[in-house]
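Asks: Protein sequence lines, in the order shown, are assigned to chains A and B. Reminder that position 240 of the first sequence reads as 240 in our numbering, one-by-one numbering, no gaps. Reminder that position 413 of the second sequence reads as 866 in our numbering, one-by-one numbering, no gaps.
Keep in mind that the hints were calculated from the coordinates and are not lab data.
Part of the chain A face toward chain B, derived, beta carbon under 10 Å: (1) G123; (2) K277; (3) W296; (4) V302; (5) S305; (6) L329; (7) R331; (8) K342; (9) G344; (10) Y391; (11) D413.
Here the structure is a predicted model, which is why all the values come from computation and not from measurement. Note that the Cβ used here is the ideal one computed from N, Cα and C, for glycine as well.
This is what each chain is made of:
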Amino acid sequence: MKKFNLLIVLMLSAVTMLQAQVPKGDVLIKNGTVLTVTNGTLENTDILVRDGKIDRIGKNLRTPNGVEEIDATGLFVMPGIIDAHSHIAGSAINEGTSQVTSEVSMEDVVDPFDISIYRALAGGVTSIHLMHGSANVIGGQNETLKLRYGFTNPDDLRFEGAPRTIKFALGENPTRGGRRRGIQPQSRMGVEAMLRNSFNEALEYQKKWEAYRADNSRRKVAPEYSLRMETLVDILEGEVLVHCHSYRADEIYMLMKVFQDFGIEKLTFQHANEAYKVAPELAAFGAGASVFSDWWAYKLEVYYSTAYNAAILTNNGVTTSINSDSGELIRHLFHEAAKTQKYGDLTDDEALALITLNPAKQLGIDNRVGSIEEGKDADIAIFDSHPLDIYAIPLMTFVDGVKYFDKATDEKDQRLYIDPESSIEVVQIFDRETQHRCMEGADLVDFFELFNN
Amino acid sequence: MKNLLSLLIVFTLIPLAGLAQDGSVEKARGGKFALTNAKIYTVTNGVIENGTIIINNGVIEAVGANVNIPSDAEVFDYNGREIYPGMIDSGTQLGLNEIGSIDEAQDYREFGNVTPQMQALTAVNPNSVAIPVTRVSGVTTALTLPSGGVLPGTAATINLFGYTPDQMFAGSKGVVMNFPSSARRRRQTQQQAEEARKRALETINETWDRAELYAKVQDSPDARYYPEMEALAEVVNGEMLLYIEVDAAKDILSAIEWVEDRGYEKVVFMGVSEGWRVAEELAESGIPVIAGPVLSTPTRGSDNYDAAYANPGVMQKAGVKVALRSSDTENSRNLPYNAGFAAAYGMGREEALKAITINAAEIMGVGDQLGSIEVGKKANLFVATGDPFQTSTDIVDVFIDGYLIPMTSRQLRLYDEFLNRTPGVQKNAERTDG
Numbered sequence: 001m002k003k004f005n006l007l008i009v010l011m012l013s014a015v016t017m018l019q020a021q022v023p024k025g026d027v028l029i030k031n032g033t034v035l036t037v038t039n040g041t042l043e044n045t046d047i048l049v050r051d052g053k054i055d056r057i058g059k060n061l062r063t064p065n066g067v068e069e070i071d072a073t074g075l076f077v078m079p080g081i082i083d084a085h086s087h088i089a090g091s092a093i094n095e096g097t098s099q100v101t102s103e104v105s106m107e108d109v110v111d112p113f114d115i116s117i118y119r120a121l122a123g124g125v126t127s128i129h130l131m132h133g134s135a136n137v138i139g140g141q142n143e144t145l146k147l148r149y150g151f152t153n154p155d156d157l158r159f160e161g162a163p164r165t166i167k168f169a170l171g172e173n174p175t176r177g178g179r180r181r182g183i184q185p186q187s188r189m190g191v192e193a194m195l196r197n198s199f200n201e202a203l204e205y206q207k208k209w210e211a212y213r214a215d216n217s218r219r220k221v222a223p224e225y226s227l228r229m230e231t232l233v234d235i236l237e238g239e240v241l242v243h244c245h246s247y248r249a250d251e252i253y254m255l256m257k258v259f260q261d262f263g264i265e266k267l268t269f270q271h272a273n274e275a276y277k278v279a280p281e282l283a284a285f286g287a288g289a290s291v292f293s294d295w296w297a298y299k300l301e302v303y304y305s306t307a308y309n310a311a312i313l314t315n316n317g318v319t320t321s322i323n324s325d326s327g328e329l330i331r332h333l334f335h336e337a338a339k340t341q342k343y344g345d346l347t348d349d350e351a352l353a354l355i356t357l358n359p360a361k362q363l364g365i366d367n368r369v370g371s372i373e374e375g376k377d378a379d380i381a382i383f384d385s386h387p388l389d390i391y392a393i394p395l396m397t398f399v400d401g402v403k404y405f406d407k408a409t410d411e412k413d414q415r416l417y418i419d420p421e422s423s424i425e426v427v428q429i430f431d432r433e434t435q436h437r438c439m440e441g442a443d444l445v446d447f448f449e450l451f452n453n
Numbered sequence: 454m455k456n457l458l459s460l461l462i463v464f465t466l467i468p469l470a471g472l473a474q475d476g477s478v479e480k481a482r483g484g485k486f487a488l489t490n491a492k493i494y495t496v497t498n499g500v501i502e503n504g505t506i507i508i509n510n511g512v513i514e515a516v517g518a519n520v521n522i523p524s525d526a527e528v529f530d531y532n533g534r535e536i537y538p539g540m541i542d543s544g545t546q547l548g549l550n551e552i553g554s555i556d557e558a559q560d561y562r563e564f565g566n567v568t569p570q571m572q573a574l575t576a577v578n579p580n581s582v583a584i585p586v587t588r589v590s591g592v593t594t595a596l597t598l599p600s601g602g603v604l605p606g607t608a609a610t611i612n613l614f615g616y617t618p619d620q621m622f623a624g625s626k627g628v629v630m631n632f633p634s635s636a637r638r639r640r641q642t643q644q645q646a647e648e649a650r651k652r653a654l655e656t657i658n659e660t661w662d663r664a665e666l667y668a669k670v671q672d673s674p675d676a677r678y679y680p681e682m683e684a685l686a687e688v689v690n691g692e693m694l695l696y697i698e699v700d701a702a703k704d705i706l707s708a709i710e711w712v713e714d715r716g717y718e719k720v721v722f723m724g725v726s727e728g729w730r731v732a733e734e735l736a737e738s739g740i741p742v743i744a745g746p747v748l749s750t751p752t753r754g755s756d757n758y759d760a761a762y763a764n765p766g767v768m769q770k771a772g773v774k775v776a777l778r779s780s781d782t783e784n785s786r787n788l789p790y791n792a793g794f795a796a797a798y799g800m801g802r803e804e805a806l807k808a809i810t811i812n813a814a815e816i817m818g819v820g821d822q823l824g825s826i827e828v829g830k831k832a833n834l835f836v837a838t839g840d841p842f843q844t845s846t847d848i849v850d851v852f853i854d855g856y857l858i859p860m861t862s863r864q865l866r867l868y869d870e871f872l873n874r875t876p877g878v879q880k881n882a883e884r885t886d887g
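Given these sequences and hints, build the entire structure.
Replies: Pasting the structure below:
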């Protein structure tokens, strides 16, 4: 019986291993204008990709036997775009049943069938940070993905080896939930209190377990196990990167002070429309900011925004990225980055870093992606003209050296799965509101109604 | 660069205005202006490589390669920079919507399903923060729309400078109608959508039947006054534009049929997300369209990823008269980028420029006043360092109704204040110890 169990376990793990074998490509991209991001622009340069990695960058490289050659003469080659804030490929966004839900993870709700993945690839995007929503102060854990469209096992889209990250949220979203439900927090004071209480609770939890582990007595009793607290302890120990939904300068400043008190260092502010007001403090802390190019005025806390946010942050030495938070915007992040040349005159390299190297740093994957360097993953996008040019059209997108998008062979219907219960022609008119998925599903449980009916 | 530019503007204004001390504000000013040594994109009469424009009394008095500069004109030597007609955004809620999530800051929707008499122009807030943000990007004119229900109200075209709605009014109004949609709105089942569509169609037909009757009897002394019918009768009588929001292909076809049955003359389709599917039929109908946003997702999962980018170009090539809209309010400034994407995906730069200038003006019935750089037209134009569709291009000057607009907005002022914030991390560092 035991042997039989072991066999099953072995078989299962073999299956898992098979599924984890995503393809790695070999390709020679010849004679392109290579925008390396870290090493300037290289004219008439070849990139040799072997086994999914950038093997060599140089001129007149020899094409190894059996390696496909792509003529990029007159074309522009850049690192695959990374979206540090996305909700595409997520079948659920919010776990809104508590103000602290660090026990849940977006890992469990990855939807590889989402057509938005293909549309993002067609915009040169190779990686996304699939984030939990912003309904609660300490939300769920996020998942970093590579857009390997076509694979139907969610695990095949995981960015293997990427650090764990978690979503926090400040300001109007969590306080709105608090007010609606008659619980804390209903103000920015309550948000801070909830954060401090949570981390103090985690410290006590950690102490109990440390005492338990140090206890040599035979009759010791284990403390109650809590995945919620385990995750908070991991944050305190620097194993989980915090990405915090935030808008106003005061709340951004508050979180830095809280983190300073608890010794937490790895912090990126998401949206952060008013980060420009505390740019020197962000730089001193070493916190990053992942912002919109120009979204504002959709709620009070973004009324005092400026499209110059990214430029101000960059000029103050803050690691800054531009994200989409939208299934529409993600398709032209190169254009969103280009707007920093209108709003603040960033250089080409600075603008490109906002959607490549900098988001990679914020996700802790800059050793793997974010620039075109030998040894890095061959996540690459090819454009017909400079990607910051308004008329630029993405032509090909590679993940691990495998081509997942090619405009020349693009066919009309790219869906992987068609709902048999849906009508053949479901027409969904674009509505900018539906792009905001941050609060999606957050109102499903209304505590007030729950307890008053 | 921006800093330098605004500095330059402040600098040139000081001797003229004579009041630019600390605490004072930059004001718009009118006058007789000569804009010379510029590359002029007239839109309707080609490009003048090195020309001059004379602005006087709010209108373009002269334009050409050999124009005499009057001795009393203030001269702007643009040194090869480019001048374009002000961009027209054919679909926004500018002035009507200040902060998205706050009901009290929104004035684009009135109670009721049939409220065509509701005037968007009345509720336009000339001091909306979004207006300067928009116009410094070269968008000088916008169609601002009421929304919600079947007949939400009367839209107005406004110039983005003025201290009262009347000062902003650009001479065009139109009744807005949401054509019953077979498309699925969010969180709606197919069945719910279908039922809603049927109900809306009944409402529309009943309402317009009554409006047609009202138009016949309204002048008789016994006729009672119905404000809704009064507004619709103007459409029936061919005096007022009718903007019909319609998107799905089969709805566009139904709407064409509906318009032909009713025989209304001044009709414009808005949205037309799936116009590319029925471009031939649209062209044949002769109904012009306001398309957009171009930067939007395809309507169907089975569509090409770039269907929305390509939509305006497909319609234009089929012979449809196309204008573009941002469908935005606070980011109406992205209109040139919507046009840029339409240009890249099939429309071409020249046609895309027309779609946000002359076509828009003609569709709104103000083509004799706006949309191109021609003698006698309103002096709505902007000066750019290059192609205004490019994000690397700076807008140098903007003129609206002949007024030189201050090139500032709250977003620019915040940039100026916070780029190099004082104090930095430490306040009074020298006076406090550690």
